Amino acid sequence: MIRFDNITYQYENALSPALADVSLEIQDGEFIAIVGHNGSGKSTLAKHINGLLLPSKGSVTVNGMDTKVEDNLLKIRQIVGMAFQNPDNQLVTTIVEEDVAFGPENLGVTPSEIRQRVDEALHAVGMTDYAEFAVHHLSGGQKQRIAIAGILALKPQVLVLDEASAMLDPSGRAELLSTVKQLHDQGMTVLMVTQYMDETVDCDRIVVMKGGKIVLTGTPSEVFQHTDILLQSNLVPPEAVAVRDSLKAMGYPLSDRALNAEQLSEELCPLL
Amino acid sequence: MRDITLGQFVAGNSVIHKLDPRTKIAMMILYIAMTFLVKRIYFMAIPFAYLVLELILSGISLRYIVNSLKPIRILLIFMFILNLFFTSGENVWLDLGFWKLTGEAVLQSCFISIRIILLVAGASMLTLTTSPIALTDGIEKLLAPLKIFRFPAHELAMMMTIALRFVPTLMDESDKIRNAQMSRGADFESGNIFKRVKSMIPILIPLFVSSFRKADELAIAMESRCYHGGEGRTRMKQLKFRKEDLFAILITLLFMASLIVLLIVLK
Chain A
27 MIRFDNITYQ YENALSPALA DVSLEIQDGE FIAIVGHNGS GKSTLAKHIN
77 GLLLPSKGSV TVNGMDTKVE DNLLKIRQIV GMAFQNPDNQ LVTTIVEEDV
127 AFGPENLGVT PSEIRQRVDE ALHAVGMTDY AEFAVHHLSG GQKQRIAIAG
177 ILALKPQVLV LDEASAMLDP SGRAELLSTV KQLHDQGMTV LMVTQYMDET
227 VDCDRIVVMK GGKIVLTGTP SEVFQHTDIL LQSNLVPPEA VAVRDSLKAM
277 GYPLSDRALN AEQLSEELCP LL
Chain B
36 MRDITLGQFV AGNSVIHKLD PRTKIAMMIL YIAMTFLVKR IYFMAIPFAY
86 LVLELILSGI SLRYIVNSLK PIRILLIFMF ILNLFFTSGE NVWLDLGFWK
136 LTGEAVLQSC FISIRIILLV AGASMLTLTT SPIALTDGIE KLLAPLKIFR
186 FPAHELAMMM TIALRFVPTL MDESDKIRNA QMSRGADFES GNIFKRVKSM
236 IPILIPLFVS SFRKADELAI AMESRCYHGG EGRTRMKQLK FRKEDLFAIL
286 ITLLFMASLI VLLIVLK
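In order, the protein sequence lines correspond to chains A and B. Quick note on numbering: the first sequence equals residues 27 to 298 in the numbering used here. Quick note on numbering: the second sequence equals residues 36 to 302 in the numbering used here.
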C-alpha cells in the first residue's frame with residue numbers, strides 16, 4: 027500500500043508549490059490513473075513514490091516504509107518500478123537482454139537467477155524473440171516494453187508509468203497499454219500518469235489533478251459525469267463520452283457506464 | 036550511419052569468437068609486442084603468420100580487414116614517402132642530386148608500412164570478433180585489481196557501456212538537428228574548411244544541451260532501477276576462462292618465443 031500524507035513539494039526557484047497538501051492512498055492490486063494538464067503536479071506526485079523526490083512537508087510511505095529514510099530507498103525501489111516518458115533515455119545497454127538484466131545485476135542476484143528473471147520478464151512483455159537485438163533497432167513501443175521488462179526483472183509489486191505513452195505513436199501506445207493491463211490482471215498494482223483520457227477508461231480509479239491539488243477522484247464512470255471539472259482542468263474527456271453526453275442532452279436515455287465506442291453502441295442499438 | 040559503433044563487430048560462432056575477451060585482449064597486447072620486437076622486415080613473417088592463423092580460425096572475411104585499413108591509407112602513404120626521404124643508405128638506386136633513392140630507404144618504408152598494417156589489422160581482429168559489451172566486461176575485469184589503488188574500473192566500464200549505447204541515439208539526434216537547422220537556412224556545404232567547421236556550431240550546441248538532458252533522465256532511470264555503484268553488483272553473463280583460452284595464450288606465447296629465439300640466433 028502507498029500512502030501520501032498531506033505532502034507539499036516546491037521546486038527550487040518556483041513561485042508556487044508543485045504539490046500542495048496532497049493526500050492519497052493506493053491499495054494493493056489497484057489500477058489507478060493520475061490525469062492532469064502540464065504543470066498539474068501529476069509527474070511530481072509519481073516521482074515521490076520511489077523517493078526520486080522527497081516531500082518538503084508531509085510523508086510518503088510504501089508498505090509502511092518512509093521514503094525519507096535513506097536506508098529504505100533500495101527496498102522501496104525494488105517494490106516500486108518506474109517507467110519514464112522517453113524510451114531512449116531509460117535503456118542503459120546496447121543489447122535488449124543485457125538491459126533487462128541491469129536491475130537484478132544491481133541487486134547482486136546470482137547469474138543463473140538473473141537469466142531466469144530476464145527470460146520471464148521478456149516473456150511477460152512479449153519480447154522474447156528480441157532478446158539479442160540492439161535496442162536502437164526497436165520501435166518506440168517496443169523500447170518502452172523493454173523498459174517495462176527491465177522493471178519486471180526486479181520483481182516489483184507496483185508499476186508506475188510516468189507519461190510512458192506520451193512519446194509513442196498510436197500503435198505503440200496500444201501495445202504498451204495492453205501489456206500494462208495484462209500485468210494488472212496478474213495482480214500488479216499499476217499507477218499510470220497520463221494526459222490521454224481514453225487510456226483511463228479501464229482503470230479502477232481516476233485521480234484528476236490541477237495546480238498541485240487533487241480536484242476529483244472516482245471510478246471512470248463517476249469521473250466522466252463531471253465533464254465540466256475535466257474541461258476546467260484543461261482535460262478532454264474521451265470522444266465516446268462527449269458523444270454520449272450530447273446524445274443525452276438530446277434526450278436519449280443512456281447510462282453513465284458507457285465510456286467507449288463499444289459500450290456506447292451496445293446501449294444505442296436497442297434504442298434504434 | 037546508425038550502425039556505426041566503435042570498431043565493427045561481426046557476430047560469429049568461431050573458436051576466436053568464443054574466447055574470453057580478457058584472453059583476446061592479452062593476445063592482442065602480445066601480438067603488438069611482437070610487431071615491435073621485429074627489427075628486420077623478413078621477421079615480420081611471424082606476426083603475419085599469427086594474424087593469418089587468427090583470421091582463418093575466426094572465419095572473418097578478409098574484406099573486413101581491408102575495410103579497416105581504408106581510414107589509415109593517407110597515413111600509410113605519408114609514412115611511406117617520409118621514410119623514403121629520410122632514411123640514409125649506401126645502396127643508391129637513383130640519384131637526383133638533391134635526393135638519392137636508396138635500397139635501404141625502400142626497405143625501411145616497406146617495413147614501417149607493414150608494421151602499421153599489421154598493428155591496425157590485429158587491433159581490428161579484436162573488435163571484429165568481440166562484441167562491445169564483452170570488450171567492456173573484459174576491460175573491467177582486467178582493470179579490477181587496480182581498484183586497490185582507487186582506480187575506478189567499474190565506473191570506467193559503465194561509462195563505456197553507456198557511451199556505446201548512445202552512439203546511435205546521438206547520431207539520430209544530430210541528423211535531426213542538422214535537418215532542423217538546414218530548414219532554417221543554415222549552410223553546411225559551402226566555404227573553406229574554417230567556415231565549415233564554424234558552421235557545425237549550430238549542430239554541436241543543441242546536441243550538447245540535449246546530451247545533458249539525456250544524461251539527467253538516464254541517471255534517474257538508473258537510480259529507479261536500484262543502481263548504486265559497482266559494489267555488490269553481479270553480472271548475468273559471467274566471463275569464464277576455459278581450456279581454449281589457455282590454449283590460445285600458449286600458442287601466442289609460442290609465436291612470441293620463436294620470434295625471440297630467431298632474433299637472438301640470427302642477430
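To be clear, the hints were calculated from the coordinates, so they are not data collected in a lab. A quick note: this is a predicted structure, and the numbers were derived from the prediction, not measured. Hints may be right or wrong, so weigh each one.
Pair ranges (Cβ atoms, derived) [unchecked claim]:
#1 A/V95 / B/G267: 16 to 26 angstroms
#2 B/L178 / A/Y37: 55 to 65 angstroms
#3 B/S234 / A/Q142: 51 to 61 angstroms
#4 B/V244 / A/D195: 24 to 34 angstroms
#5 A/G213 / B/A254: 24 to 34 angstroms
#6 A/D195 / B/N227: 18 to 28 angstroms
Idealized CB from N, CA, C, for every residue including glycine.
The hints, checked one at a time:
Here the CB-CB span from A/V95 to B/G267 is close to 20 angstroms, well matched to the stated 16 to 26 angstroms. The supplied range of 55 to 65 angstroms is broken by B/L178 and A/Y37, whose beta-carbon atoms lie about 40 angstroms from each other. In this structure, B/S234 and A/Q142 meet the distance hint of 51 to 61 angstroms, their C-beta atoms being roughly 53 angstroms apart. Distance hint check for B/V244 and A/D195: the Cβ-Cβ separation is about 26 angstroms, which falls inside the suggested range of 24 to 34 angstroms.
Between A/G213 and B/A254 the Cβ separation comes to about 31 angstroms, which falls inside the hinted range of 24 to 34 angstroms. In this structure the supplied range 18 to 28 angstroms is violated for A/D195 paired with B/N227, their Cβ-Cβ distance being about 43 angstroms.
Checked against the numbered hints above, the structure violates hints 2, 6; every other hint is satisfied.
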